[in-house]
Structures are given as structure tokens and as C-alpha cells.
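With chain A held as given, fit chain B onto it using these hints.
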Amino acid sequence: MFAWGVNCRNIRQHNMKVSVNLARGLFNALKTAPPALARSHFTYYPTTATSDKGDLQKMNMFQAINQAMDIALDEDPSALLFGEDVGFGGVFRCSMNLRDKYGKQRVFNTPLCEQGIAGFAIGVANAGATAIAEIQFADYIFPAFDQIVNEAAKYRYRSGGMYDCGSLTIRAPCGAVGHGALYHSQSPEAYFAHTPGLKVVIPRGPIKAKGLLLACIKDPNPCIVFEPKTLYRAAVEQVPTGVYTSELGKADILREGNDVTLIGWGTQVHVLLEVADLAKKELNVDCEVIDLVSILPWDRDTVCNSASKTGRVVVAHEAPYTQGFGSELAAYIQEKCFLRLEAPVKRVTGWDTPFPHVFEPFYLPDKHRCLAAVKDIVNY
Amino acid sequence: MLFLRNPTKIITRAARLRQHRLTTALVEGKRNYGQAMFPGARAAPFVNQLKLTMPQDYAPIPIYRVLNREGEIADPTQDPRLGQEVVEKMFRDMVLLNTMDKILYESQRQGRISFYMTNFGEEASHIGSAAALELRDIIYGQYREAGVLVWRGFKIDQFIDQCYGNDEDVGRGKQMPVHYGSKELNFVTISSPLTTQMPQAVGTAYALKCRPKNDACVVCYFGEGAASEGDAHAAFNFASTLDCPVILFCRNNGFAISTPSHEQYNGDGIAARGPAYGIATIRCDGTDVFAVYNAMKVAREFVLRENKPIVLEAMAYRVGHHSTSDDSTAYRPADEIEVWNSVEHPISKLKRYMVHKGWFNEAKENEYVKDVRKQVLKQIAVSEKKLKPNWREMFEGVYAEMPTHLQDQMNELEQHVEAHKDNYPLKNFKH
Chain A
1 MFAWGVNCRN IRQHNMKVSV NLARGLFNAL KTAPPALARS HFTYYPTTAT
51 SDKGDLQKMN MFQAINQAMD IALDEDPSAL LFGEDVGFGG VFRCSMNLRD
101 KYGKQRVFNT PLCEQGIAGF AIGVANAGAT AIAEIQFADY IFPAFDQIVN
151 EAAKYRYRSG GMYDCGSLTI RAPCGAVGHG ALYHSQSPEA YFAHTPGLKV
201 VIPRGPIKAK GLLLACIKDP NPCIVFEPKT LYRAAVEQVP TGVYTSELGK
251 ADILREGNDV TLIGWGTQVH VLLEVADLAK KELNVDCEVI DLVSILPWDR
301 DTVCNSASKT GRVVVAHEAP YTQGFGSELA AYIQEKCFLR LEAPVKRVTG
351 WDTPFPHVFE PFYLPDKHRC LAAVKDIVNY
Chain B
1 MLFLRNPTKI ITRAARLRQH RLTTALVEGK RNYGQAMFPG ARAAPFVNQL
51 KLTMPQDYAP IPIYRVLNRE GEIADPTQDP RLGQEVVEKM FRDMVLLNTM
101 DKILYESQRQ GRISFYMTNF GEEASHIGSA AALELRDIIY GQYREAGVLV
151 WRGFKIDQFI DQCYGNDEDV GRGKQMPVHY GSKELNFVTI SSPLTTQMPQ
201 AVGTAYALKC RPKNDACVVC YFGEGAASEG DAHAAFNFAS TLDCPVILFC
251 RNNGFAISTP SHEQYNGDGI AARGPAYGIA TIRCDGTDVF AVYNAMKVAR
301 EFVLRENKPI VLEAMAYRVG HHSTSDDSTA YRPADEIEVW NSVEHPISKL
351 KRYMVHKGWF NEAKENEYVK DVRKQVLKQI AVSEKKLKPN WREMFEGVYA
401 EMPTHLQDQM NELEQHVEAH KDNYPLKNFK H
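Note that the protein sequences, when read in sequence, are chains A and B.
Under the UniProt record's numbering, the first sequence has 308 at position 308, and the numbering climbs by one with no breaks.
Under the UniProt record's numbering, the second sequence has 192 at position 192, and the numbering climbs by one with no breaks.
Derived by calculation from the structure, the hints in this document are not laboratory data.
There could be a bad hint or two in this list.
Derived DSS-like pairs: lysine-lysine, alpha-carbon spacing no greater than 25 angstroms straight-line [unchecked claim]:
| # | chain 1 | residue 1 | chain 2 | residue 2 |
| --- | --- | --- | --- | --- |
| 1 | A | K104 | B | K213 |
| 2 | B | K213 | A | K101 |
| 3 | B | K386 | A | K218 |
Bound conformation, chain A alone:
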């Protein structure tokens, strides 16, 4: 399996310095990509921390995730953190310094084998310990699909509640990153949304990432956190340094409006916030923007209340159109809000193709396509 971090994998521990530098080089290359590739399809809209959860500190998303895992390891002596290359800090730096702080028995590399990572994690959780497993890219979660879908999700159910792997959390970087092509860009949430027994969440930034990760680690069900990798460095907010959790299964209304409901998650939320600004400015249309946050179980009340209020809904996600999670939302909204709808629910998504390399700007449901959808739906 090819990933950006693979090159440094053959180098043994005594050459750690070399491997760290190599990885840094590779990932700095991501950051300092040539202008053509660096063109970002979104503008980041920071969240303002409102609650009193300790001092605020400026952090990007990987730092907030790092802090969440630090808290989890500190609070729970049974907690283990593992995956490919997590020992030296992770190819996205999410586990920086944690091995030094908690020891290599608790923060460690596994062999390069996703089904092994997931199965091992289920076993750790089944013993009652807390497992925080990393899949290096969501694109590489499919070898673990059997363990996640047939095993983790069904553990409690099939044993009549005797056994469970509720203390399991899987983290995986997902989503478009500008030049990730087929296997460093995928958004596989819909595959898992079809699996009773799992919880699936996607943060839109540092505050949410920390809160959701801590909530998933504490939740008595197996959880998957898909972290939009393009936000690891780009998303910077004032993050509370204390312990707090974000409720699972709860959507956030980021902007209130009366004309059109825009629903997205992850990076797409920022696209939709910009679309709401543009719609106001160019069309004088008042958009309500919802970050769905939780894919499974998802917040039907917040979505239906908003859809009933506005009568018009645009759902946008990076993943392909057919059987994307937007289909579930559209079907549910038309079933429950039929008499309130003024127009069919519109889905703006990635195309039904693999995620391409050089065509990425044409593939993504960017602000122009979303704004066009808003225009269409108000003129319906």
C-alpha cells in the first residue's frame, strides 16, 4: 500500500532522526506545494469557543487532536494509541511527543496492516482497555472493513451484551487535500453509515476535533472519526485547553437563515459558509448553514426543523453522488418534510468517478457549484 509516509518505514529506530526529517520533508512539501496545487477550494471560517473549558490557546487541528489524545492517555491508564508510524509523531504530527510522555508500551507502531490494526484494536477494547487506533488515510480503511463492519459494529449485539468493543475509537484522515488523487482524498463515510452499531463523526475544525475525539473515546460504542486532512494545518482557532466533549449525534447550526438550508460536514462546511455569504451578497438569499457533524447516528431533528422552516435544502459533500450520505438526507427530508418543501432537495457532490489528480478543481463541489445550486433551488 502506498502512502506518503511509506518511504521512511524501512528505516529502523536507530535511524529515527533520519526518518523524522524525511517525513517532515515530505509533509512540508505538502504545505509548500507549488502555487498551482496550493490553490485551496475553501476559506476557513473559525469557530469561536463560547463555553468556559479552560484557557484558550491558538491551535491548528492536528495540535487540538494531539491535545485530546494527550488528555485521554493522561486520564485513563488503560488507554493505548497505535497505528502505522504513530510512534514518531504520526505522518500528520497528531501523536507528536506522546510516546515520549507515555512510553512505547502505550504509544506504538504496528506492522503495516489495516485489518490487523482494526482487529487488534477490537481485542484491546474487548479486554476493557481504551483503544485509539489510527488508519493512516481513510482511503486505506477498506482492508479493515470486515473487522469494522462484521466485528466491531456487531460485537455487543451478537453476544447479547456479554461482550463489546465500545472503548474503541478509530481515527482516519479523510477528504480532498488539493493533490491527493485517488488514494489520499477519499471520503468513505457513506460506506460506514450503512452499518448499525457504529458511530461516525467528522469535525470541521480544531475545537470540534478535540471535543468529538474525546467524546468518541469516552463513548461506550465503537466510533470512527474521519478528520479532513486539509484542515490539519489550515484550520486555526482559539481552542479551550481543558477537558470538554462535543455531543455525538448532534448537528450544529452555524448560521441561521430563512430561505435555504445548506447542509455539509468537514471541509465542505467552510465552502457552504462562504456560499451563504455570497448568496446574501449576490442573491439576497438568507441561508441557514448546518454542520451535520455526526453521520451516524445523525441529527434528524435539527435537519428537519430547518428544512421545514426554509422549505429548500442543498446538501453538499465531497464523496460521490450515488449512494453518498446526501441520498439518505434527501430521502429522509422528503419523507418527513414533504408538505413543507418548496423545491426538491438538491445534492451537490463529487462526481461518480474515482477522485482524480489533476482534475480536482473540476471534481469538487466548490462554492461556485453550490452557489449555482442555491440559485436554482430558489428559482424552482
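Chain B only, in chain A's frame:
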């Protein structure tokens, strides 16, 4: 892999030390022209002649056995010296499993339960291995390990209630028959997907190792067919690199449904893979309860002392059909089965041993078999009359709590069933 010629010799530690010295020399800029210093292999020597390393360069790993066919102990030093009471429990548990299997197999044939899998021919590997463990050791199984549960004290009614999925089934009627589990007996609930339990067992072993003063290991049973799955590779490799106190117990019974083992792999069985992953390995006669017992005893001590895994391959023969959905005479001769069902049968071997010891009492055993038969038949009658759990339990246990969308779906079904009562088998379910 050179040491495979002498399978009893395990030199990982020495080799690692040598590797360490080599890498130290490398880092310090010293030169060692005789040996390779590649980080990816042990300190292997260079050679100047090209030679294929052939599988037949390695002798097959021998099969450890204590009892011969006649039920005699060939080497007295290997006598586990188990008292009469223990040996009698071993024998009776094997007989109980065998008797229960025969009746439940028949009751599936009569359509009383939906499915069944027998354990014929493999009773010794269950009982011998279970007897060498402590109850606190955690078991992960495949599905043909009911004998382990028998040894641990799972009762006839618990087996049969599970097969019927009635209200007494601890699994709450959610899985197919023979998918047993018991929290109090530390037997993790069986699931159908093959081999998924293997990396899980390794993870559990790792978690146990992290506990202060850990004195429990994990045992993971799997068939030789399951060992072809990717999860087996994952488990072997994770167990080795992460130093987990787990016994990877392979029941090599020659067949995976219709597929004979020579179509399953071309190497020296499963045991030979152990050393390739850097794992200590034992192969034993799975029809010899004492060989399995001794092997397991040594394995348990080893994994707990070293915090390392062991691969244990118990050779046997699947005497019964794969399952009630299979007729095995379609792919193997009946007279071959007969050999394994008589002279090479684990129960016959232990019986012969007990006869030599003067511990076998024909009348007493006949009485025991009769008694077990009666219990099983009676329990079938009782279990099949018991109501199934309340159908609403279908929605429970998906999550620790019931999310609102599942509550809504349960309510929806409730209203539907209420309106269409006559179309559903409500009388068979608790209310």
C-alpha cells in the same frame, strides 16, 4: 530460517543481540565485511554462490505425541501424571460432547434446530488444551471448540438454549446455533466470519500484558483453512512484533469444508509459519489428549513468562461433516473417515489408556452415556418449548443505548405488528 532444521532450537534472542551489535557497529562507522548489515534481515552471512532456498531443505516439524494408538505412553518422562479424577473428567467431557453432538446433529436433520456443527474427531484438542489452562485465561474460538466450554462448565441446557435461541439463551437468540459465548467462563462469543478473532485475541493479550501483575493469557483457536485468511497473517505478525502473551492454537483437521489441506497451502502446515514470523512453535497430535495437554501447559508457561506468543498446531481429522449443510462423502471416501473414527479416534485412545490403568469401567461408562443422552433429549424437549425473547429485543444492543432512530423503528414495527397480529409468530415470543 536456517534454524528450522532443528525446530526445538529457538535463537531469536541471540540473533537479535547479534543484530544490535551489528547496527551499533554500523552507526559507529566500523566495518564488518563478513556479514550483511541491512536493517531488514537478521545478521545473515553473504554467500558467493547462488542457491535457491527450497521448501524441502527443511525437515517437517515433528508431531509431538504422548499416547500411541494403543493408548500407551511411549516415553514415561512425558507422562503428565494426571490423577484418575482428572483423566475421568477428560474422558467424560469428551463423551458428553460426542453424545450431545450426535443428538443435536440428528435434531437438525429432523428440522428441530436450524443448523449444527459437530466436533467429531477433535474432542481431544478441545479438552486437552482447556485442561491445561486457568479459567481466567481468555478464549477466542472459531466455532468447533465446544469442548473447551464443556471443560469450563458450560451446561447442556446452555448449549441447547443457544441452539434454539430461546429466552434462556445468553446471546438472546441473535446468532445462529453453535455461536456460543460466556462471560463468566471467559469464552468470547463466536462469530461466523473466519479468522477475525485472531488479531482480536492478539489485542486482548496485549491489553492483559499491560495490566500490573498479569497472570492470564489468551488462547485463540482457528482451523487450518482459516489460517489462509489475511487476518491470520495480521495476527501472527502483530503477536510477534508487539510481544503478546497469546497461544495461537490451530486445529488442523485436514479439511476446510470440501477443500483438502493440500489445496489450502503448500508449506509444512501452519506450524512452519510460526518461525517465519519469529514465533516459538509446537506441533502435536490432536487426537492425543495428553500431548495436547502437555503442549498447552508448556505454551501457557512460555507465553506468560516471556510475554511472547506461541503457535500450536494440533493435527487431527474432521471425522464429521463440515456442518449440517454438508455431505462430506461427496469429496472424501467413507473408509478413510472410518479409520479416524475408530483406531485414531481421540476418545478410543484415551479409553485404551484408561483400560491399561484399570480406570475404565464399561458398565459405568455405558450408564454415563445413557444418562447424557437422556439429559440432552430432555433438554431438547424443554428448550424447544421455551418462548423466544421478546421481539423488541431485536432493536436492543445495537448500541449501548437505543438511539432515537431505532426507537422510532421499534415503534413503527410495534404498530404494524399490532395491526397485523395474525401474520407473525407472536405466540412463540415473550411479551
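Hint check results:
{"no.": "1", "hint": "A:K104 <-> B:K213", "result": "holds (19 angstroms)"}
{"no.": "2", "hint": "B:K213 <-> A:K101", "result": "holds (23 angstroms)"}
{"no.": "3", "hint": "B:K386 <-> A:K218", "result": "violated (39 angstroms)"}
Going through the hint list in order, the structure does not satisfy hint 3, though it satisfies all others.
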